[in-house]
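Engineer: Now for the letters of each chain:
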Amino acid sequence: MPSRSDLRSYYAEGAQLAPVVHQHTDWPYEVSHTRYTAFTIPPHDVGGQADGPVRYEEKEEEQWELNTYVTCEVLGWRGVWNSEERRRLGNNDLGQSLYYGFPYYGRWIWAAARMLVDKKHVSLTELLEKIAEVKARNVQQ
Amino acid sequence: MSSNSPVNPRARFNVGDRVRVKELPNLFYSRTQMFVRGVHGTIAARTYEDVVPEDEAWDRQDAVPEQYYIVRFRQKDLWEEYPFDKDTLQTEFPDRWLDPVNN
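Protein chains in written order, with numbering that gives the first Met the number 0: chain R, 0 to 140; chain W, 0 to 102.
Hints are supplied without guarantee of correctness; some may be wrong.
[Said to hold, decoys possible] Derived pair list, reagent style EDC-like, types lysine to aspartate or glutamate, alpha-carbon separation capped at 20 Å: (1) R/Lys119 to W/Asp58; (2) R/Lys118 to W/Asp61; (3) R/Lys118 to R/Glu83; (4) R/Lys118 to W/Asp54.
[As the list claims (entries may be wrong)] Stretch-level coverage of chain R by chain W, calculated; a stretch enters the list once three of its residues show a Cβ under 8 Å from a Cβ in chain W: (5) 29-41; (6) 57-67; (7) 105-113.
Honestly, the hints are just simulated from the structure, not real lab data. Keep in mind that this is a model prediction, so the values were computed, not measured. C-beta: ideal position from N, C-alpha, C; glycine also.
The shape of chain R in the complex, shown without the other chains (with noise of 0.2 Å):
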């Protein structure tokens, strides 16, 4: 159980990753026509979108990225989930605050996880106790 200061840290954090309207926007009973479509959008469809400029760094994998680029790979070719499923899940359904919160192989681990539910290769309760254990064995170590 996370204590309670840990707690209200992360619904701090929680509440600054919602997405920014900057007005306070909580189960409106209207929304414009300009809003709704922008709330439509496909997070990934972002050409177009106004942006500052990105710092260009060169970075090689880390052994967690490869792994995941690996698994992802493998669940494809046994023909588990085919590429636009990947595209849908890792670029869209996570919602804007995921696709631009997480790193890029953190998002393809989320979709990979999420397909692995949706389809019922797994359970919500098995993929959440195994999270678990892992994470007690590094603590662990």
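Once you have looked at the hints, place chain W on chain R.
Structural biologist: Below, chain W without anything else, positioned relative to chain R:
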């Protein structure tokens, strides 16, 4: 989908044809960028036949392949403030996302 059959996929256009990208609503998933919708362009190439993203993204086994095309747009038609007249942008669509333009 009912008008399609595997032996006669949708393939209405040829290189040089003028087309307009359909203006369908966005919901759940799309590979058709917002900024090309409703814009006129020219078929630059016929590429391959494949199922559309809207079907493949849910792994629909009943999906029928159709023709894909590379369509060329004038940058100035996409972005009014674009400074160079001759620059173009190419992107790709399946047949159903395009309407013929007669001119």
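Engineer: Which hint numbers does the structure go against, in order from smallest to largest?
Structural biologist: Those not satisfied are hints 6, 7.
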